[in-house]
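Protein chains in written order, with this note's numbering: chain A, 26 to 560; chain B, 775 to 882.
Because the hints were derived from the structure by calculation, they are not lab data. Everything numeric in this text was worked out from a predicted model, so none of it was measured. Hints may contain errors.
[To be verified] Covered, in the sense of this in silico footprint (three residues per stretch, anywhere, with C-beta under 8 Å from a C-beta of chain A), are these stretches of chain B: (1) 795-806; (2) 810-818; (3) 830-838; (4) 849-859; (5) 865-879.
[To be verified] In silico negatives: residues of chain A with every beta carbon more than 10 Å from chain B: (6) V101; (7) D172; (8) D327; (9) A480; (10) P527.
[Claimed, not checked] Sample of chain B residues at the chain A side, in silico, Cβ under 10 Å: (11) V791; (12) C821; (13) L823; (14) Y824; (15) I842; (16) W862.
Cβ coordinates follow ideal geometry from the N, Cα and C atoms, glycine included.
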Amino acid sequence: MGSASSPSSESHLDCDVLVLGGGPAGTWAALEAAKSGARVILADKGFCGTSGATAPSGTSVWYVPPDPERRHAAIVSREALGGHLADRAWSARVLDATYDGLNHLGERGYPFPLDEAGAPIRVSLQGPEYMRLMRKLVKGAGVRILDHSPALELLVDGGGAVAGARGIRRQQGDAWRVHAGAVVIATGGCAFLSRALGCTALTGDGHLMAAEAGADFSGMEFSNAYAIAAAFSSVTKTLFYKWATFTDAGGDEIPGAASNGGRSVIARHLQTGPVFARLDRADDAMRQSMRSAQPNFFLPFDRMGIDPFTQRFPVTLHLEGTVRGTGGLRIVDETCATGVPGLYAAGDAATRELICGGFTGGGSHNAAWAISSGRWAGRAAADHGRRAHTGAARQGAGTVGLRDAGARPFDPAEAARTVLAEVHPFERNYFRTEAGLGAALDRLDRQWEGLRAAAAADRDGVLRTREAAAMTAVARWMYRSALARTESRGMHRRMEHAGADPAQRHYLTSGGLDAVFVSRRPAPALATNGAEIAA
Amino acid sequence: MIEIVSPSRCTACNICVSACPTNVFDKTPGAPPVIARPDDCQTCFMCELYCPEDALYVSPKAGGWQGISEDDLVAAGTLGSYRAAIGWTAGTAELRRVDTMHRVLKGG
Ligand SMILES: Cc1cc2nc3c(=O)[nH]c(=O)nc-3n(C[C@H](O)[C@H](O)[C@H](O)COP(=O)(O)OP(=O)(O)OC[C@H]3O[C@@H](n4cnc5c(N)ncnc54)[C@H](O)[C@@H]3O)c2cc1C
Ligand code: SF4
Ligand code: SF4
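For reference, chain B alone in the conformation it holds in the complex (with noise of 0.2 Å):
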């Protein structure tokens, strides 16, 4: 379930707002966009992969929180970590081009 948005870290380019399929966020007039409705979050990481700032955490737990502070989180290189996986940040654009699949359906 969404967790943080970080307002260190939020432009509030509302791109969330307008990317969350649920319809999670509000906008506020010149400040980071509010978490207004939690219990709609499908928790399904897509505002984290939209967010150009690295800006949200969505925790994995379905429904609930993990109740973890920003600091632990850019400590551990969380923030952001989803979307540089699949190869959406500048560094990690050739992680697209990844995808082993075929492997797993062959294996095993």
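So here's chain A without its partners, still in its complex pose (with noise of 0.2 Å):
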């Protein structure tokens, strides 16, 4: 078993651009790049194609044609439920850089379905058939992929910008490192190991290596994101649920049970005994609908046998972390840069703030935010990685699992326990209140302390010991910001102080990793027809 940094067997490959995570965001970065003339590494910690949250599911788009009262209707839509804190402009941006995107995925051969006129569909995509296609499209553009590739750490140099990255290739038990100009951030939201359909893979590493090179974060509170799922099943879809009747053990109605506006009710309810749903209130015309539109949604009923629409089953809340919710690493411009020189962030890594504010970036805004933070932060990289001084010294910036600290290394899998125990529970995440994050945050600190003094990984526990180190790491900034959020906004809520507090209408940036910070940053000016008043 070799050290995780022994050189031998280590392939060193030089390029412009590495991008690290290849979903939707990661994908759309490494072709945007590649048009440019960048030489472009991807490197996925699973397949490219098939990993990831979109991979094995369906998205709908924010997909919304150029028409002014359109594109308005759709921007202000989710302002009052992101708790007033999206951009107008980042949403105009985002619709036009979708709009463009999703017609170019037209041209180069997505199956969009056709309306009566014969004029393509462009609202929703299917994840095997979308992400299938990016990955030809990235290998046609020449970006080489490297899969079953997880980076573990970012490479700097001497000045502190980023420089490149390291990590194993689980397959052939060997690791790779990348010299590159700049480096793509797109390995998705923290969903803590929940069995959220295609959310395994999303334990926050590019959380934490571009933390270690010295980015923060924003709007992590809003990191509490559960969706509806069977019981017995990873497939999660809220969205069906809307033609839901929700019913307790004994098969009565459960007041104010729903998929949106009374989720809170459905967890209450779990947190004491079992909820059942039958999804009888939608027509035969709607169940055809939802049939043809989500094969993925009906695959575990029809294999154990259940009609959903006729009979009960039992159901679950799939915690989605910052997947469903919209905090991430902080950008600092339109290029989706980080701060860090060389750093840029795409996708669910990133904060969707900007156009969510609190609220959901599921049900089409995340995938609109995959497209277009992808297409902007591949341009800003090959621009800056082509520029970029090669040949500079580089050192790695990682710090638990990679760095000798002494002590005996620790159990990845123990560690990956103890966050989950602070996160999962509805009572510490979903109703959140000041002793209970305190309390959990305490925890997660010594957890922190214990992993910062333990000895470096052997390459066979290297990857799930940076994982647990993410999730960690991740925890801390989301409680921390939550509990410097004495209101309830968007989908971050405390049993304290129910409702939105004026004075808070804020962003939250945090970070750092042995002491962890947050601080205030202004929100957009409020739209004159969009003024919050007192809850």
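Got two chains here, separate frames each, mind docking them using the hints?
See the structure below:
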């Protein structure tokens, strides 16, 4: 067993742009960077084309034709839900870039359905089809893809600029090292190993790597998205539960339970007993539409012999953390730069507050953001990467699990369990309180200290070690931010502070490794017709 | 959770070994891949979609098996059913263009 940094079995590559993560954001970034002539490498923890939250599911996309009225309506539609933190100028840019991106996808062969007049309908993408095409386009553009090759840490030059990354090749049992002029973090959100569809690889690795290089975060309090699924299943599709009747163990309807606006009622009931659903509010035509819209939704039911329209089945809520939550790496300008030279962020790894505020990015905005931010980050990284001075000495910026700190290595499975016990339970993360958050933070801070003191992991254990460290770090930024926001806004709810406090209509920046900090930034000015009233 | 690699159908092409995003399978020389790390399976069904022989079965239970036999699956027409449902088999390609999500989004 070699040590994690043994140079003898390390393949060494050079490029202008290194993209970490091969979901929608990473593939759009790679495509755009390659288009401008840059030499691009994309490394994915899993397989680019099947990994991440989009590949196994179906995604609605925020695709709105450039008609000023429709665009305006789209922009304002979620403003109140998001606690008036979204930015209209950013929303308009995203709508433009997404519209253009999807039209491009149609030209490159995505089989969009056609309306009666034969015109393509571009509001939805089937994950397997979409990501298979993205892989093909990326390869066709000359991008070198490293599959099953998780990044472990960023490399920085003497001036602190990000200049590459280092990782392992799981199927070869060796390591890779890429020197790059710029790096795009597109590693997705952090879903804390909940069973939500496609979320297993999403453990916040990119968040930790970026923080180690000096980047910070925004909106990490908006990190408690929970989605509805059949209790036995991974497939989360809250939208379809709009047509559900929710009942308790005795078969009585649960008052107030609903997929939207009544999910907390479901969470409350799940704390004490099972909750059942039946999608009996959908009429026959809708049932047919649902089936042909999302084959993946019906697969588990068919295989269990359950007709979800006529039979009751138990449901649960899977935590989707910052995947359908909106917090992530803070971006400092329209190129999706992070503030650390050479480092860009795209997709769920970045904050989506700019277009969602504190409301979920699921159900169209996230997909649009992945396309738009991916393209912007890819283009800017190519510009920066081609100009960056190559040949400079680089060193690894990583901490936990990579550098020997003396104490014995820790058990990553045990460390992961500790984090999950703090972030999964509704009483801690859904229904947040000062006491609950504070106690959780004490335990998470202690865990971080322990991880920091440990020895480097060996090659077999290093991936799980880094994942556990990343989840610990993400949980601390989340809960420190949640503690600082003494109000309820967007998805963040504090039990002792019901309602939004107009004085707290600001963004929260968070970051730091050993000492976690939180600070405020002003939110964009309120549009006159969107004025917030005191709760 | 991944439950079955059918030895009678599998041609040992190892596509699933590459395509599984969580690296659940291991190659075996000249033989079907083995399910080496079932606990890492995220029940995403992607391996079924990429297997050209419809030799794989993923139980819909996240983190559990159904204890179902290949004969039962064949009898019920389950092997390859998801691949067919999304239009990825030779006879079903027209389904690739069927996506009624816009109706769902408008409805209700
Ligand atoms: C079931 C489900 C349904 C959804 N439906 C919708 C919807 O209808 N509309 C919508 O807008 N949004 C939806 N979302 C959200 C949407 O899927 C995500 O916003 C989108 O996938 C984000 O793209 P991404 O590329 O940023 O991240 P992902 O698609 O999650 O990709 C991240 C990639 O990074 C890789 N990675 C992780 N760590 C590392 C590492 N250390 N090194 C290298 N690579 C790494 C992963 O393997 C993965 O391939 C849904 C999410 C889920 C879970
Ligand atoms: S993809 Fe199918 S045929 Fe190929 S090795 Fe895997 S199970 Fe066998
Ligand atoms: S269901 Fe997904 S995670 Fe499980 S073996 Fe198949 S491809 Fe891998």
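Against the structure, the hints:
1. Coverage of the stretch 795-806 of chain B by chain A holds. Counting CB-CB distances below 8 Å, 3 residues qualify, and the rule asks for three or more.
2. Check on the stretch 810-818 of chain B: 4 of its residues sit with their Cβ under 8 Å from a Cβ of chain A, so the three-residue criterion for coverage holds.
3. With a threshold of 8 Å between beta carbons, the proposed coverage of the stretch 830-838 of chain B by chain A holds, since 6 of its residues qualify and at least three are required.
4. Given as covered by chain A, the stretch 849-859 of chain B passes the check, having 4 residues with a CB less than 8 Å from a CB of that chain where 3 are the minimum.
5. Check result for the stretch 865-879 of chain B against chain A: holds, 10 residues qualifying (beta carbon to beta carbon below 8 Å, three or more required).
6. With a least beta-carbon separation of about 18 Å from chain B, V101 (chain A) lies farther than 10 Å from that chain, consistent with its non-interface assignment.
7. A Cβ of chain B approaches the Cβ of D172 (chain A) within 10 Å, the least distance being about 7 Å, so the stated non-interface status is violated.
8. A beta-carbon of chain B comes within 10 Å of the beta-carbon of D327 (chain A); the shortest separation is about 8 Å.
9. Every C-beta of chain B lies more than 10 Å from that of A480 (chain A), the closest at about 25 Å, which supports listing it as non-interface.
10. A cut-off of 10 Å between C-beta atoms confirms that P527 (chain A) is not in contact with chain B; the least separation is 33 Å.
11. This hint holds: V791 (chain B) has a C-beta 8 Å from the nearest C-beta of chain A, less than the 10 Å allowed.
12. Residue-level restraint check for C821 (chain B) holds (minimum Cβ-Cβ distance to chain A is 8 Å; threshold 10 Å).
13. A cut of 10 Å between beta carbons decides the hint on L823 (chain B): the least distance to chain A is about 5 Å, and the hint holds.
14. Checking Y824 (chain B) against chain A: minimum C-beta separation of about 7 Å stays under 10 Å; hint holds.
15. At its closest, the beta carbon of I842 (chain B) sits 9 Å from a beta carbon of chain A; the interface hint therefore holds under the 10 Å criterion.
16. With a least beta-carbon distance of about 8 Å to chain A, the hint placing W862 (chain B) at the interface is held under the 10 Å criterion.
The structure is inconsistent with the numbered hints 7 and 8, although it conforms to all the rest.
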